[in-house]
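Visitor: Order-wise, the sequence lines are chains A and G. So for the first sequence, the working numbering puts the first residue at 1; every next one is plus one. So for the second sequence, the working numbering puts the first residue at 1; every next one is plus one.
In short, the hints are calculated from the structure, not lab data. The reader is advised that the hints may include incorrect statements.
[Said to hold, decoys possible] Here's a subset of chain G near chain A, in silico, CB distances under 7 Å, partners left out:
1. G42
2. Q50
3. A102
[To be verified] Restraint-style ranges between C-beta atoms, simulated for each label pair:
4. A:F18 to G:T30: 38 to 46 Å
5. G:G3 to A:N59: 15 to 23 Å
6. G:G3 to A:F18: 28 to 36 Å
7. G:A2 to A:N59: 31 to 39 Å
8. G:D63 to A:S3: 33 to 41 Å
9. A:E42 to G:T78: 35 to 43 Å
10. A:T70 to G:N10: 37 to 45 Å
[Unchecked claim] Residues of chain A clear of chain G, computed beta-carbon distances all greater than 10 Å:
11. L13
12. T24
13. L44
14. G61
15. E69
16. K77
17. I101
18. F111
We put the beta carbon where it would ideally sit given N, CA and C, even for glycine.
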Amino acid sequence: GNSVTQMEGPVTLSEEAFLTINCTYTATGYPSLFWYVQYPGEGLQLLLKATKADDKGSNKGFEATYRKETTSFHLEKGSVQVSDSAVYFCALSDRGTDKLIFGTGTRLQVFP
Amino acid sequence: GAGVSQSPSNKVTEKGKDVELRCDPISGHTALYWYRQSLGQGLEFLIYFQGNSAPDKSGLPSDRFSAERTGGSVSTLTIQRTQQEDSAVYLCASSTGGPTEAFFGQGTRLTVV
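The following block holds chain A by itself, in its conformation from the complex (with noise of 0.2 Å):
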């Protein structure tokens, strides 16, 4: 079946340092991928998705290639802020069943 795999957390960085978070993904046909975020004390919201092969998702300086050749979509932020801070969580969609998977979320820490 359809399955998201991360690295496993926590990731602990410095304000300003550049980050990634590995994501790869085993799915029949061609899944939506997105990236959840889940900051201290409040719900998951939607970070940026992707819909499409070699599609950039992008928002508040994340961003993130799907790449169908290697079945990744690796989260990056050039310089990252304190208030990254959060629990990140690779997600597919299975295209034509709807059905929304997780990976098991990534802890970000970011220490002034």
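Knowing the structure of chain A, use the given hints to seat chain G on it.
Guide: Just chain G, lined up with the frame of chain A:
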């Protein structure tokens, strides 16, 4: 309401009791999802609905868990004979389906004592 509403927000129950968790999705959203988030764990898929139908129930942990959705709107997740390992935050989300954003409720924190 403007968002996904879940009730109760907190529930403490004794082992062996049954509990019902409610989710009110955003009006017009055809897809509705239930997940479980245990302390320090990721989002475990439980079940999802397209309208009132549940195409995939494979994530339900045991036959003590069941869910229904009526009128294409409200959904109820029922856990019978609760066990301590059922303690977790149960999250509900809804969307218009496909590659669209899923909106999450604040969750129900279930504690089985």
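Visitor: Is 33 to 41 Å respected by the C-beta to C-beta distance linking G:D63 and A:S3?
Guide: The hinted range 33 to 41 Å is violated for G:D63 and A:S3, with Cβ atoms some 24 Å apart.
Visitor: Hint G:Q50 vs chain A: min CB-CB distance below 7 Å?
Guide: For G:Q50, the interface hint holds, since the closest Cβ of chain A sits about 6 Å away, which is under 7 Å.
Visitor: Take a look at whether the Cβ-Cβ distance between A:E42 and G:T78 falls inside 35 to 43 Å.
Guide: Cβ of A:E42 to Cβ of G:T78: about 27 Å, so the range 35 to 43 Å is violated.
Visitor: Look at the Cβ atoms of A:T70 and G:N10 and judge whether their distance stays inside 37 to 45 Å.
Guide: Hint holds: Cβ distance 42 Å, inside 37 to 45 Å.
Visitor: Determine whether the non-interface label on A:K77 survives the test: each CB of chain G must be over 10 Å from its CB.
Guide: A:K77 is indeed farther than 10 Å from all Cβ atoms of chain G, at 20 Å.
Visitor: Check the following: the C-beta atoms of G:G3 and A:F18 are separated by a distance inside 28 to 36 Å.
Guide: Holds: the Cβ-Cβ distance is about 34 Å, inside 28 to 36 Å.
Visitor: Tell me if the interface restraint on G:G42 is satisfied: Cβ within less than 7 Å of some Cβ in chain A.
Guide: holds (3 Å)
Visitor: Could you let me know if the closest chain G CB is still more than 10 Å away from the CB of A:F111?
Guide: holds (21 Å)
Visitor: Given a hinted range of 38 to 46 Å, is it respected by the beta-carbon distance of A:F18 and G:T30?
Guide: Distance hint for A:F18, G:T30 holds at roughly 40 Å.
Visitor: Going by Cβ atoms only, is G:A102 closer than 7 Å to chain A?
Guide: At about 6 Å, which falls below the 7 Å cut-off, the nearest Cβ of chain A leaves the hint on G:A102 intact, so it holds.
Visitor: Note whether the CB distance of G:A2 and A:N59 lies within 31 to 39 Å or breaks it.
Guide: violated (21 Å)
Visitor: Could you let me know if the closest chain G CB is still more than 10 Å away from the CB of A:G61?
Guide: At roughly 19 Å from the nearest Cβ of chain G, A:G61 sits farther out than 10 Å, so the non-interface label holds.
Going through the hint list in order, the structure does not satisfy hints 7, 8, 9, 13, 17.
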